[in-house]
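So you can see what is in the structure, the chains are spelled out below.
Protein chains: 2
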Amino acid sequence: MSVLHTLAQWAATRRADWSPTVLARAEHAFADTVACMVAGSADPVTRKTAEGLATWSGGQATLFGGTRRVDAPWAAMVNGTGAHVLEIDDNFYPALTHASAILVPALIALGEELDASGADLLDAYIVGIELHAALGRGVNRSHYFAGWHPTATVGCIGTAGACARLMKLDTGRTVAAMSLAVSMASGNKAQFGTEAKSFQCGMGAANAIIAARLGAAGLTGNPEVLEDPQGFLALYGGPAPRGWDAPLQKLDKPLALEEFGVAPKRHACCGSAHNSLDCILDLRREHGFGAGDVASVSVLVGASNKKNLRYDDPQDEFQARFSLHYNVALALLYGKVTLADFTPEAVWRPEVRELFALTTMQARAFEDEPKDPDQRPPHLVEITLKDGRVLKAQRVYARGLIQDPFDDAERADKITECCAPQLAPQDFQALLAILTNVRGLDSVRTLTALCAGKQEAA
Amino acid sequence: MSVLHTLAQWAATRRADWSPTVLARAEHAFADTVACMVAGSADPVTRKTAEGLATWSGGQATLFGGTRRVDAPWAAMVNGTGAHVLEIDDNFYPALTHASAILVPALIALGEELDASGADLLDAYIVGIELHAALGRGVNRSHYFAGWHPTATVGCIGTAGACARLMKLDTGRTVAAMSLAVSMASGNKAQFGTEAKSFQCGMGAANAIIAARLGAAGLTGNPEVLEDPQGFLALYGGPAPRGWDAPLQKLDKPLALEEFGVAPKRHACCGSAHNSLDCILDLRREHGFGAGDVASVSVLVGASNKKNLRYDDPQDEFQARFSLHYNVALALLYGKVTLADFTPEAVWRPEVRELFALTTMQARAFEDEPKDPDQRPPHLVEITLKDGRVLKAQRVYARGLIQDPFDDAERADKITECCAPQLAPQDFQALLAILTNVRGLDSVRTLTALCAGKQEAA
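As they're listed, the protein sequences go chains A and B. Just so you know, the first sequence maps onto residues 1 to 458 in UniProt numbering. Just so you know, the second sequence maps onto residues 1 to 458 in UniProt numbering.
Treat the hints with care, since some could be wrong.
Same chains, same label: a pair holds when it works inside one copy or across any pair of copies.
The calculated lysine-lysine pairs, modelled on DSBU-like cross-linking and capped at a C-alpha distance of 35 Å, are [unchecked claim]: (1) K454 with K250; (2) K386 with K371; (3) K336 with K386; (4) K307 with K392; (5) K336 with K250.
These aren't lab readings, by the way, just hints derived from the structure by calculation. It should be emphasised that the depicted structure is a prediction, and the values quoted were computed from it without experimental measurement.
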């Protein structure tokens, strides 16, 4: 049986008897991602994406931040761009994807056309996360290291499977949908630090819906397209991909959402910096120093993390999100990293920039890292204070992961930070209520009607 | 200046003073491709693609074979699938793309929204062909050999540039459109011999339009995305890509359409078989043997050609199009390879299948082939007859190329073979008149109105 067939059969036939833990984690991730989409809907990148598609009108799916209705792929493209553009959406480490930022916009847009319920969406989300994990484990971390953008590549294929689940396709049509999604899988890391990075997330969400609709109509592709000598593993695998022998053994044993959960973000920047930022905040809390006390900050990260954090001297807010130097300066100076720190003006604050020189970054060699993306070596931080003290900390998991999770108040705070500035007060309150009980939502259209944004709601 | 910037500046500013030779070749290729689109519009693969997109309605672009109007990307996706599905569309060797099968559907669909003239379309087509050449020469033949489908990858990027030309975008927005197209570039050869192969052509055409619309709206990507260490060359280049130093020297000096032209197809099967088929037909004509006289046929092709022709025992019409054994049998038995030979029934004719055993195929090693896709080594055919005679032939260029071109009557015959069965007689005559004078066409909408197909026109 081909790899895709194994995955599709599971996706098409798995009973929806998810555990309370898994359902709760899916609900938290779904709510966090909707909040990211609302916040990101106002970003210029998202607005330009919407404007680019403005020729094509009509449809049943909502563009967040407005009242325009469009076809599901366009909504997924725009809302998926918005979900990812502010870099506050969660990471999913077993796949090395921003799984939620592609799954949730795709499922909401398709769900509006199908009039899906909250329970339907969570079910498809859980299936999609597991498919991301199974697919991603076969090619990562090699795939990521080579320069692919797994959210857009692995993510497109896994999300097509999630869309097939939402459409209740049988195994054969799910195979077809996912095979066509392999044909459409693209996205590279040369676009990191540009507007195109978040677009690649939206593009993948749109393509996942297209692949599912075509699979449903009976269009077919090669079921062996993942393992074929001219297929996904061969072309996208990077220097040392593992293949799917081991990952398929792990499928649903246990669910990746059970074992790992997702990694929601506290800091509004590239996830590669989060362990280091949390180390610095931990040390600040413990030792009580301020930015003026610090002589140097030395950071050790993974090989791919260093590639991501390549802007030592960021020129705009896009580069700032991928700058360890910028974010370390924020942590030292303010003790937090917020959405407000990523504007064209904020990036040029002299008091922030003069701290850049404190930071040095080193990385482990790619060869020294575990091939299995489930195995995560720690990031190390060493802060030397002007008084001569040397403070050290390390983290395998940033705050927000299941090893150190947010509580309900922190989750609500993030939703408020993201949504309150964008929505009329009564819409915000109504949305907050839905996001704390997604499984009780009768129709996703009730949710999207609240995401039109302040200007239209006023 | 980045590679994309060099290409985009040329595309945005090149004067449209094309030579009569180049214009004529563009017109012939355009007409040939429209004919392929009309023929392919009735194919089940094309119909399923259209059905998959049926949820999304409205728009100004025509689905060939019907009266439905849709948004330009959907029309390009369906009509681009139709252009390629029957394997009778032309090849373009400098890029190793089916350049016309992605360019023409994209430009027609976008042109309907813009109400473009025939002269506009030919201008954008000529620019697009040159961009295909410049891009493809940087990564091929290595890219193709690795297993990428250049029509869909290289083709998407070059076609985005052609769409930008049709929209009259400036250099900066053309750079953006092409950079976004790199983000969207995908398509693999594991799908050859399946329905997804031709879909990949339609997908690339759709994505080219999307990239151009987004670039026009001001969305941007990395202008160095082709040469970036995590960009197109690094990720898609295969084992030994050349990079763009040499190809950029050749840009427009002379135009690839001047030096090479495109390679329209006489035979309704994979172009990798065409040199060999023409050799067999040449030898038949010269020596007058029939299938019953032949003891064996030995063929030497290129490394990638052998990978393409991988179905020694084809099970359906898709595989038959990629079977040297099947097509050699047709050439020996009937002296021609036609559209009618590729139906589920035709593939199982016993008199054809019993000839499969005559054929053996060998290939040059990839390492022994020139890196430059402009340099083409010959294919060799050796036929041993039962009377002991050994006949040999070789061809670098199949019939139809500028070294051995079709005449006007042959061009009209192909248009008739493709279109007459699909259209009402008066529509067919009107279309034929347009296709012999594309440069005189005031609006592309006049052309597409004739391509609705017989059922609606009746």
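**Item:** Which numbered hints fail
**Value:** 1, 2, 5
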